[in-house]
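Chains as they are written, first to last, in our numbering: chain A, 1 to 358; chain B, 1 to 391.
Simulated from the structure, these hints should not be mistaken for laboratory data.
Idealized CB from N, CA, C, for every residue including glycine.
Among the clues, some could well be false.
So the derived label-pair ranges between C-beta atoms look like this [said to hold, decoys possible]:
hint	chain 1	residue 1	chain 2	residue 2	range
1	A	A227	B	R2	38 to 44 Å
2	B	E353	A	G133	57 to 63 Å
3	B	R61	A	R179	20 to 26 Å
4	B	E305	A	R213	30 to 36 Å
5	A	T313	B	L233	53 to 59 Å
Just a sample of chain A residues kept apart from chain B, beta carbon distances all over 12 Å, derived [stated by the list, open to error]:
hint	residue
6	L28
7	A30
8	F99
9	T123
10	G133
11	A147
12	R175
13	E205
14	G212
15	G282
16	G343
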Amino acid sequence: MTARVLITGVGIVGPDITGGRSSLEAFLDAPAVPSPGLVDDAALGGLVDEGERRRLSRVSRLAVAAARLALRDAGIETGDDLGLVVGTEFGDLHSTRAFADGFLDGGPGGLSALLFPGTVMNTMAAATTIAVGAHQLSLTLNAPTIAGELAVIRAAAAIAGGRVDAVVAGGVDERDAYRESILADLGATGRRGEGATFLVLEREERVRDRGGRPLGEIRGAASGALAARPHGVGRSPVSRAVAFALARSGVAPADVAAVYRSASGDLARDDWERRVVEAAVGSRPSVALAARLGGHAAVGALAVAAAAWTATTGRLPSPWGGDGGRVPAHGGPVLVHGLARGGGQAALVVAATTTGVR
Amino acid sequence: MRRVAVTGLGAVSPFGLGVKALWEGLRTGTSAIRAATLIETAGFRSRLAAEVPDRLPGSSRRSRADRLALAAAREALADATVGGEARAQAALIVGAVGGGMLEAEAWYWPGRRGGAPRHAALRAMLPSSHADVLGRALGLGGPRETLVTACSSGAAAIAVAADLVADGVVPVALAGGVDAMTRICYLGFNALKLLDPEPCRPFDRDRRGMSIGEGAAFLVLEDAERARGRGALVYAELAGHGMTTDAYHVTSPRPGGEGMARAMRQALARAGLAPSEVAYVNAHGTGTPQNDRIEAIALRSVFGEGGVLVSSTKSMIGHTMAAAGSLEAVATILAVVHDMVPPTATLRVPDPEVPFDCVPGVAREAPVAAALSNSFGFGGQNVTLAFRKPA
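Go ahead and model the full structure; you've got the sequences and the hints to work with.
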């Protein structure tokens, strides 16, 4: 990477948490084990206005609320020079089904022009760019399991490449009982969750100029693909993406202090990921947030923020069913890793901020 | 920053399989907008569509969109002679919207009416499915992303892939867009009253809306030094791109066209091109009264009145949704290659609010050293790609 990319804000809307960095730290330090649940819509009060509550679908409201929290956490008020990258696994399927049902129930007269934009997965990005006034690039990334990680990687690359100075990036998904029953019929396993998490990523010089307070730094990032059938798991543990992310960050595999994995209870995939990570960096203390929070696109972005906390404090949220153990007290670079059925892979190296702007 | 060369093209369009069929249709100003056959259209404002007429290669167990994408991607990789070793590192960036929705609808529609459920049809429903199918079938092992930016998805995929090559992340990338016809899309644009009952007439004073189409197109993008080193045929240089957001309305573009103009200016600046060096703009040009009027405002602010040739190839192949940006990128590249501007085939009565030569009726020979391709989508998602002849 050329320009250094700092994480300067985080906004989280989940079943057990709504807030910025201080809420995140309390959440990660809490002895209680969270469980996948539903976001209480009342928690969005004050984060979405009345018009948005009326006009926007629920998953779009989650995205808007988390993006506003992230910008507030970063101390940024206006967003003219901001980009936005949203990761999602399922988009607004709820609106898609409601749109189809309108036709099936009422014929052409039952079609809703208001629901139609929700059938396209960029609908959350559209709502969010309008809400925060982001005028630069806006991208929506669709992927199973790793959409949140991919969104952060894409945003970091856009900043590092000098194409934009600041990006709000993260993921959003909502639970849907109908969809989950079909996935279960198709043989899908693993916990499901919902929520939205966005990070504010900025070029180092911009952070220094405006006196921002970084949580950490994205030192290197890469996406890749391992050989696998669509929807299947592969065999090879050899990963080009992790090696690339480490090389870009100047971090040796042996110096990786901890790993945040994407494991969510899909046993075959989780085992494959464990072997991939061990082949890349050896045995390291690790945590799988999705194993407790349920898999959804927000978890990848949450893992990046949590990794910055771990790299800085030397602590892991170990009661959460990670592999146990504590990171050395001095902290150190943390690998955020994601691996999806079908072979999609994401790797980010997150470090404490060492640039003097903290 | 590395220069980005286009070394392979692949397309499946309403003219049929292959880039040759696409260019022949565009060059001759032929309309591929016909009566729709893939979905039921009785009782709707428009009963037309630009469907791919050929029998698609590949297993019928795959979704129609997967088969469209596979055919176009295979052609592009073969055209660029990208071998196994390069494929193992190559990025795959796919722009998609509908995914396997056509098959999911075929399950859901009768299911809702009491038919037997066939859940397996849902496996390939999400847009990201295409990338996993292509990656597996074609042995592509580099970065893999699926971009959904509505009607600019195909162009956004090409822009992101160009970044990966320019930044030295990968030496080669396969990028493009795909969409098959879907009921949801057809119903939605009907609900918005944006479909013309006749074949669409972009930039015509009497235009009444768009025609929906389907297809896929992929480009092989390559580090220009690498391409030169291996003696590859280079169609054009992807000299720059611009991506901006209106942040204005979920379905309507900002009335002054500022976001569109910023995308064009960004692309020109990154390409190091002055507006006067651009001979041709392949417009988004959907044929809706609003889009074409606002795009014309944006074009005028960048190029001045009449400052560039403008055409909409949607006049022949309809609006192919996520494939549009990539099919139109192929059309734009071939305009640069052949020094020939494809027409706005159905334009009869010029609109005084569109102060440009929109190349009505038939293609026109003209030197095209550099050209832009515009793609705009719901959510105010503006993408402009800038191509020029290789150095």
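Task: Violations among the numbered hints - done: 1, 2, 4, 8, 9, 10, 11, 16
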